[in-house]
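Chains as they are written, first to last, in the numbering used here: chain X, 1 to 358; chain G, 1001 to 1250.
Since the hints were derived computationally from the structure, they do not count as laboratory data.
Note that the structure is predicted; figures quoted are calculated from it, not measured.
In this text, a Cβ means the ideal position worked out from N, Cα and C, and glycines have one as well.
Watch out, some of these pointers could steer you wrong.
[To be verified] Only some residues are given here: those of chain X computed to face chain G with a beta carbon under 10 angstroms: (1) Thr43; (2) Arg102; (3) Cys310.
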Amino acid sequence: MARFHPLKVTDVRRETRDAVVVTLAPGDEDRALFDFTQGQYLTFRRIFGGEELRRSYSICSGRDDGVLRVGIKRVEGGAFSTWANEALAPGDVLEAMPPTGRFHAPVDPGAARHYLAFAAGSGITPVLSIIRTVLVREPKSRFTLVYANRQISSIMFREELEDLKNQHLGRLSVIHILKHEAQEIDLFTGRIDAAKVEALLSGWIDASTVDTAFICGPEPMMLDIAASLRAHGLSDAQIRFELFATGQPGHTRPRPAASVPVAPGTGILATVTLDGTTRSVAMSGKGQTILEAALAAEMDAPYSCRAGVCSTCRCKVLQGEAEMRVNHALEDYEVRAGYVLSCQAVPLGDRVVVTYDE
Amino acid sequence: MTAAMNVEEYLARGGVLTAPENAPARYRAMLMQMMATFVDSELAASAGFADAINLAPGIKERIAASRITLEKADHAGRVLAVMETFGTDALRYQSQHDWAARVARDTDLGSSRLAGDMRLSVFHYPIAGWVDAVVMNVLQGIATGVQMTELTRVSYGPLADVFRDIAPREARHAELGLEGLERIVATGAGRDAAQAALAYWRPRVAATFGLAGSTRFAALRALGLRHCPNEDLLARWETLAADRLAAIGL
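With the hints as extra help, turn the sequences into a complete structure.
Structure (structure tokens):
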């Protein structure tokens, strides 16, 4: 299981009004662990108000830059990103898991490829890492970036991209799409939707020359772009996605107050929610697990190994208590958040309320 | 940017997820089951083929059986590595079951699984001799080829990548089987043995495609984990198997 390691903050640079670029240094003994591949991300953890929050941020440096750097854009109401933007300072120590993620294509020094990337807002961070790496490691390849932002002042890495263009003449072209600012060419104003991608691929970018396309941004944009790219002949294997982290809740949601109908003398009762349907299931009480009880009641509860190893059967205890016989798959923070392996979980009292839907 | 969209809608419209953190609970569970089924099936297949190495009549066949044994285990390892990113204890997982365990030859499991592990039912049946091993590998290999057209499109990007890497090697396993079968049917006795093995394995491989009109399929399709219904995949396998076998006179 991946573990957390300390990373020392050596620099915090304000990139835009609501984004910082943080440079991090692992300890000597962890250096190899943090040897990243372009496009990967780091998962950080920190306690906020007594509760552990985990957030993932993409690495924005290239493999040959000799530094580990992430971009953190402030999310409305986001505890971690707000803290990083307002309070994080050089000398602080952050805890992070080693780099992970597969948002990249293998580098081939002899290849002469054309890469196309679409990034929206802070979706630029992993794309920048890929651009920086590819421009150095594949000297014959070129890169086209379509980069969407609200306005000029919110563009992350604007100057850095200009510098890269000058440094690698003719190999990097950047098309800025600005939502709120008129540009000389109408096509470059507004938001990236199906019509705009279609126009770009018809008049500005020859899709037939593209070897690999990278897309990082919010869901609807990724769908529109992927559909257009497929329509222009790219295969699924040529299109690389990285979903924005917007789907992650800012805080652990409060437990909903589910009401358990308690009929006296009914023995042990488990209330199980699966696919939006809630059922009360009588339990034998002889060490029967929540999973066994759900399956005996013919609910299609998920499981695989039934040995506390794989975590397929994970569910969340909303009320009552359950104890796991063994747990080789859930981390402490998941257990604290109420998750149990239902193949190992036995209720401790007469009533337990669990859900497989959260 | 653009308006927010919930993950379920994104998936239903063909979106791809790339990290465990983005997977909703039910998606996670169904994806894990899918991966466990593949891992367990490959490990059971590898274990079954390990025995076939010593049944092989010649060096060429021995190498083919060894390669299949090796690569199926390797493929299991690659998918298990994706499960590991969701929290699975990979070391414990691979020693969890006796992958070589088999039921009696005349048992009829239908498409149901046994309680022990998640392997497809066909991998619970024992192999009886070299011809039987080759025929099983041909039929199941063609079935895997059909299943790969689904698996390489699965909405979890890192897993689809693994399947795209695996698919050509799995296809090669089926080819090795067909080459072996062609040598077997060159004699009358070989042809008879192959016909008997086909009669045994055909319904058992067919059962791995699952039931027609499956409600589970609808749930999986809504999450981009499946695309083509069981009955269509089965029909494609039947046609393909018939064509490939007819080409060598079976």
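Hint by hint, here is what the structure shows:
no. : hint   : verdict
1   : Thr43  : 8 angstroms, holds
2   : Arg102 : 5 angstroms, holds
3   : Cys310 : 5 angstroms, holds
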